[in-house]
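**Student:** Those protein sequences? They're chains A and B, same order as listed.
Heads up: the first sequence at position 79 corresponds to 79 in the working numbering, and the numbers run straight through without jumps.
Heads up: the second sequence at position 251 corresponds to 251 in the working numbering, and the numbers run straight through without jumps.
Please keep in mind that the hints were generated in silico from the structure rather than gathered at the bench.
Heads up, the list lumps identical chains together, so a pair's fine if it works in one copy or across two of them.
Derived SDA-like pairs: lysine to any residue, alpha-carbon spacing no greater than 25 Å straight-line:
#1 266 x 27
#2 266 x 200
#3 262 x 162
#4 315 x 26
#5 69 x 53
#6 266 x 214
#7 262 x 215
#8 69 x 9
#9 262 x 164
#10 69 x 256
#11 51 x 91
#12 69 x 124
#13 266 x 217
#14 262 x 163
#15 266 x 163
#16 266 x 196
A quick note: this is a predicted structure, and the numbers were derived from the prediction, not measured.
Number of protein chains: 2
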Amino acid sequence: MSVESRGIPALGELCRRGIVAAPMAGGVSRPELAGAVSDAGGLGFLAAGYKTADGMYEEIKQLRALTAKPFGVNLFMPQPSADQATLDLYRQQLTSESAWYETPIDERSEERHPTDDGYEAKLALLVDDPVPVVSFTFGCPSRDELDALALAGTFTVVTVTTPEEAQAAEWAGADAVCVQGIEAGGHQGTHRDDPQTDGSSGLGLLSLVTQVRETVQLPVIAAGGLMRGAQIAAVRAAGADAAQLGTAFLACPESGAHVMHKQALKNPLFVRTELTRAFSGRPARGLVNRFMREHGPYAPSAYPEVHYMTVGLRKAAARVGDAQGMALWAGQGHRLARDLPAGRLVQVLHSEADSAWTEMALRRSTS
Amino acid sequence: MSVESRGIPALGELCRRGIVAAPMAGGVSRPELAGAVSDAGGLGFLAAGYKTADGMYEEIKQLRALTAKPFGVNLFMPQPSADQATLDLYRQQLTSESAWYETPIDERSEERHPTDDGYEAKLALLVDDPVPVVSFTFGCPSRDELDALALAGTFTVVTVTTPEEAQAAEWAGADAVCVQGIEAGGHQGTHRDDPQTDGSSGLGLLSLVTQVRETVQLPVIAAGGLMRGAQIAAVRAAGADAAQLGTAFLACPESGAHVMHKQALKNPLFVRTELTRAFSGRPARGLVNRFMREHGPYAPSAYPEVHYMTVGLRKAAARVGDAQGMALWAGQGHRLARDLPAGRLVQVLHSEADSAWTEMALRRSTS
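Take these sequences, add in the hints, and give me the full structure.
**Tutor:** This is how it looks when you write it as structure tokens:
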């Protein structure tokens, strides 16, 4: 059954300009950012990850006060717990960091934080007081969960990194998939983190979009390394219905990213990005810095425990102005970041995509 | 100075359909394959790598007898020599393979093969008896070398994997860059293999094309994971002037790839690809098999010595029908391979790209 026949607006109506601002957890995707994007005809997103259900709800209320346009909320799926020995070992390996930043690593910091990220409470809230779009990262919800949201009139999106994950999302009843290429900044939304690999063998976006399009019938939101309108035109030519950009919006004044994080995106000190488990225990792409180089090689697959283990260290690094100890999440296109206001950036991207089309149509008619 | 003003045809004239068949060394890009592609309005390529200068010239003559259309020849750039201790260690680590396949690893097999791949002799031949296009892999030729080819009326292309390498190619005077994304099958054409990395942090094609376009003025041939016409339309929307496909042509009847290699592309036994130095000593993407899993983790940066060290083992594996011991080079889109005749594949890709445009123009006019 199509979304329209269930009374849910289609993706094209929820996001008229085909541009989605990626949910960036950890304080980046603030209501101010989401509101500016939605007001400009993009689809703004709140990131519920790491927040309490109440904290998420507070932001939804703030965002509703800022815009009457559609927006989305992203949820992290519950994760399996890591074993204590693994965590103890990594905590030990971080001892030098603790000394350096004069910040104790709370012995059981991760125990106070649920590995389910308050998922059920958040979902219950979103069913009770629906928002236009809900997307999921790190797994696929059950059919019942997706049905409950559909009944509430919500458009659901599952983040996928392989054709198999897209298949799972379609079977579960998602309305769309967010197809995340290996180029993407921050966490890879892989449904299961395989400790046997370092996560670096994922598919490039263009290859992945085509493979997903040939596997499922669902609308595709393409994500990963997109910074320019011509790239949006490109993924749409490949069959995507919309493009999702994270790092591009990270540099906007409305983004809640730390100023040092914003500056690092174009700092020639940081020449490349890599996937690492060093900060969170799950592969995520960031600018290569000292912390990553030092701890990446042995960081365990233990998310979100490692995230909570390192959060104090990262904050301490930010306080003393040391970007080498912060998680500088960034996609492969980080050098092309622009610090335009978010609404203006949506307009610029849209008009760049348009120019790319016009240029192509012209080349085609003269060839 | 533009290529036209030097009397060299532009890329669009050398390759009317904007589709290049990637040079695949090791016997895949036979004259039959290159000829069929060029005859269909694509740009066929011969791969001079691992051949003697005479062997290369023999193929050029064969190809000239097959087609009057433009074609290209790809050269490998000379590589630094690996140290003997590194090679001795890896040879020792391959002892079990030698026993298993009952094939001795020639004690000094790699000494009989130059690390410069006969580069100067090949270049001299190509200056003497010019071909329409020459492309380079694993480095950037000197300005003098590129000038000599330009004087001979040859269009030159340098393979690049970063914006910095594209900059070097422009400074040296190349006529175009072949921009190779991390999705590509076979060797990454990185100018210098950094032993400190496993090569997996390279850029996805779409991210790379944009970054190169914003760094240099040269025409861009986009390569990496491209299997469908819609992907060709996509890279052209992103600013590429042509698309280069390897794995897509590997499955064609005219390709010289081993039949087991062709079959493996769509065999569900081989679910993913990875970059490995196991077979050649330089990061190359292939279907993950036993040999890669076993030797990849410690294979040294020692190209082409390791290539010559393992060639006997790989041939023995092929002889006994064991795909787990062969180098199954493949790009990330391998599952989408089609065993169409090469000329027909050029037509199909071209018409798919055309459909993607038409669909986009339609969506655009109704939005």
